Every structure is written in structure tokens, then in C-alpha cells.
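For this one, chain W is given, so just place chain G on it according to the hints.
Protein chains: 2
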Amino acid sequence: MSSPLKPLTLWGHKTGPNSWKVALILSELNVPYEHKFLELAEMKEEAYESLNPNGRVPTVEDPNFGGRVVWESGACIDYVLETYDKEHKLLPKDETTKWTARSWRDFQMSGKFDRYVPSPKSTSLLAFPTDLIYIRIGQGPYFGQYSFFINYHPEKLPSVISRYENEILRIVGVMDKQLSKTTYLAGEAMTYVDLMWLPYFIVAFRVPDVKWEERFPSWGRWWRGLQGREKVEGVWGEWMGLRRSVIGR
Amino acid sequence: MSSPLKPLTLWGHKTGPNSWKVALILSELNVPYEHKFLELAEMKEEAYESLNPNGRVPTVEDPNFGGRVVWESGACIDYVLETYDKEHKLLPKDETTKWTARSWRDFQMSGKFDRYVPSPKSTSLLAFPTDLIYIRIGQGPYFGQYSFFINYHPEKLPSVISRYENEILRIVGVMDKQLSKTTYLAGEAMTYVDLMWLPYFIVAFRVPDVKWEERFPSWGRWWRGLQGREKVEGVWGEWMGLRRSVIGR
Chain W
1 MSSPLKPLTL
11 WGHKTGPNSW
21 KVALILSELN
31 VPYEHKFLEL
41 AEMKEEAYES
51 LNPNGRVPTV
61 EDPNFGGRVV
71 WESGACIDYV
81 LETYDKEHKL
91 LPKDETTKWT
101 ARSWRDFQMS
111 GKFDRYVPSP
121 KSTSLLAFPT
131 DLIYIRIGQG
141 PYFGQYSFFI
151 NYHPEKLPSV
161 ISRYENEILR
171 IVGVMDKQLS
181 KTTYLAGEAM
191 TYVDLMWLPY
201 FIVAFRVPDV
211 KWEERFPSWG
221 RWWRGLQGRE
231 KVEGVWGEWM
241 GLRRSVIGR
Chain G
1 MSSPLKPLTL
11 WGHKTGPNSW
21 KVALILSELN
31 VPYEHKFLEL
41 AEMKEEAYES
51 LNPNGRVPTV
61 EDPNFGGRVV
71 WESGACIDYV
81 LETYDKEHKL
91 LPKDETTKWT
101 ARSWRDFQMS
111 GKFDRYVPSP
121 KSTSLLAFPT
131 DLIYIRIGQG
141 PYFGQYSFFI
151 NYHPEKLPSV
161 ISRYENEILR
171 IVGVMDKQLS
181 KTTYLAGEAM
191 TYVDLMWLPY
201 FIVAFRVPDV
211 KWEERFPSWG
221 RWWRGLQGRE
231 KVEGVWGEWM
241 GLRRSVIGR
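The listed protein sequences correspond, in order, to chains W and G. Numbering of the first sequence is given in UniProt numbering, commencing with residue 1 and proceeding in unit increments. Numbering of the second sequence is given in UniProt numbering, commencing with residue 1 and proceeding in unit increments.
Just chain W, with the same shape it has in the complex:
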């Protein structure tokens, strides 16, 4: 199938998850796009902030509709779906599933996996003034520092770390409970929200000593099924390749 569409521009980050959520949706819908990667400093330049006033990624620019600009990952995904998923491949058609999916969409955004790591006081390379650094994983500005911090052994405030690891496990537990009742998050058919929930698991998997599939069997069935999709494999492979080249894993 050849497409008459001009490629959309997806402004993103090589290692952080947020633009990859949008890439998964575009790829599954066969919408052509070019994933352009920004460094933190570039996100704060006027050229980019004229597109995205918050200076974060992702942003989508669509040359097929006069260069329309949409920012924030959820809004980008909504735009791509409403514009390019007329056949309702990922966007539910019936109202009940539509609103269930919308609820899970926003839960992904509000319940995303944040993590605390202790500040590496001993390094002179990055002198942070606090005892604890809050990493909002996936938001561009913080993500570049993540691989540095995450490898730092938690010594000073392990109870804080474990508090947030427990929150990650609670959220996956909510998913697992839902997936014990329905095949996918919003019902019996796969929707965009299943794809949206994938990228942040690169963070969840850093929680040590969790036997994921044993502890969350319904989640495990869901996870394996999605990872086995051709388009998901393609985007995921590209992302993991970039991550290895930038942060070594």
C-alpha cells in the first residue's frame, strides 16, 4: 500500500519514552512519519518553544493539514487517531469502549512511573544541591540524567526508593487485575491505550527482584502478546538500539 501522505514530523528524544508512545501508534496505523530527536538544550530554544510553549517532547507537526502543531504525548496520539484512524483500528468506535479507553489513557499519564534516586554527592561531575533528586522519568529535561542516576546504589534513603517502587508495583497490579477480566485494558479488542502503556515499562523493569510474569500473570499474557506484534517489534527495536548507543543499555 503506497501512501499519498506527506510524513508527519514527530519531535522526540532518543532515550525517553514519551515520543515513542506516539511512534507506536503512527507505526501501527501505517502513517508515515519522521522521528526527529532533540537534546534538552534544543527543547528550550525559541525555535522549538514556538511550537511547544512548555519546551518538552513530543510535538507533532502535520504538513498534510497546513503544518498543524500538537504537543503533549496524549494530545499527539488523540490527533493522530482522529485524523488517521477513520477505520477505528485503534480508536474504539462504540461509546462505552471509547470512554473506558479515554480513562486508561489519562491514568497512563497521571499514574506514570516516577522514581526517586539519591543524589550522587560524591561526584564532582554533577554537583546537585539536594539530598534527593526526583526523576520524572520520560519527561525530556530529566531523562538525560536518568541512566547516570539509576545506576547509583540507593544508600541514603532506601525507604523512599522502596515507597515509589511499591507505587510502580501497585499500578501494575491495577493493570493485572483489569487484564484478568478483559483481554486488553479497555475491553476485548486492542486499542491505542494498550500501546500507550508499553514504553514506561522500561522504567518499571528497573525495580529489582520482581518476577513479573509470576506476580502479574494476566499482565504477562498482555505484555507478550503486544511485544509480538510486528509494528511494535520494529519501533521497540529502533528505540532500544538508540538507547544502547546513547546510554549503553
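Just so you know, these hints were derived from the structure itself, not from any lab. Some hints could be false.
Copies of one chain are not kept apart here, so a pair can be met inside one copy or by any two copies together.
[To be verified] Okay, derived cross-link-like pairs now, BS3-like style, lysine-lysine, Cα gap no bigger than 30 Å in a straight line:
no.	residue 1	residue 2
1	K86	K231
2	K89	K177
3	K98	K181
4	K231	K211
5	K86	K98
6	K211	K36
7	K44	K181
8	K98	K6
This structure is a prediction, so every number in the text was calculated from the model and none was measured.
Just chain G now, with coordinates in the frame of chain W:
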């Protein structure tokens, strides 16, 4: 104007901001609703989790459409707008404004004002195991503790507090810059996102020593204009009354 609609149920919390975002939208649209308030423990009961698997507020139940259930504040607002704002009073009709508004909607959710406070080790009433408590303000489970913590003078980690106060000021700065260019966040007409951004300012205003209108003049014009709306005044007054009765301010 009498309405043939049955009142929607809005599950919320008396003091936290999230359900009040939805209340502002419902009120401006003259959609009848009953705001029912839950305590944290009730949110985690099976009866409520059968509506909202994450056990948080808000959730909307609509008896006019077979008891349809939508949860997460953004999803609730989208549902109310698509269902009850056919005249596009708050939901933009033109595509450009629609997607700009959707971007600001998600920025409100992802950029909301989080805050750190030191743990009150000296109290025996609440014995927390950590040096620092992360308060995701507005999310039900954490909010009940907020008024207790916020009055605790930051001694131990003032640099962490100030880091997040700076983030609050950065976000208001992004708003102010936009509002120096356009009358409202998404353009020249008021939309739902302007209303969505109001409630979290009860948190922002806790940052000490900020001359808000002097520092953010365009924001100040916007803020005063919205607070002067009859419906906003009504909902805000109800909320502040409940807050005073529960947490004394």
C-alpha cells in the same frame, strides 16, 4: 431554563482539586450534577473500585446514558464536553483551536504542581519512615495529609522545596508568556482548558513571597477575569467553604 437531564454523579473529594475541575465545567454548561465526596478509605473499597479500578477521584456516572462511567479528571471533562457541549460553548469548534486546547489540557495534567515537604519526624501521630514525603497534591490518597504537612516549616531540605517551587513558577511563566500573546490559553476565546487550570492554583499560591500579578501580569488579567465569572465564583465558593470546614482554610 429547566433541564430534562437527570443529574450526573461526580465522585470527588472535598478538599483536593481534581473533581473541582470537572465541577467547573459542569456548572458552566448548566449540566445538573451531584458532587459526592469520598474519603480515602472509601476510594479503595470494592464498590468504588468497580467504577474506578485505580481507586482515585474523580469519576463521573451518567444516568442519562445507561449509567456510563468515566474516570480520571481529563477523561471526565472530555466526556462532559462531547456529550453536553453541542453548542461549543467551551469545546472549540475549529480544528486548530481544538488541538491547541487538547495540548494545554494534557500539559495541565502532566505539569501539575507537585510539591515536596519534609517528614514531621517529631510527631508521634503520624510516624513516617522517610526523610521526605512526596505530596502529589490533588490526588485523593495524598491530599488528606496535605494541610498537615504544608504547615510544617521546611527545615531539613529547603533546597528540594525550592527546586519544586521554582518548577511551579516556571509553569506559571509558561502560562504568562502564552497569555501575553493570546487572551486565553488556547486563543482568543475562553475554552475548557482555562477552567481546568484554575483549581491547582490553590497549591501554587502556597509558594511564599510571590507577587503574582506583578510577576505574571498577563496571567493576572486572565486569573481575575475567570474568577469574576458567576459560575466559577459559585463553584469556587462551595469548594473554599468545604476546605475551611475540613482543613480550616
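* Looking back at the hints listed earlier, which ones does the structure fail to meet? -> Going through the list in order, the structure violates hint 6 alone and respects the others.
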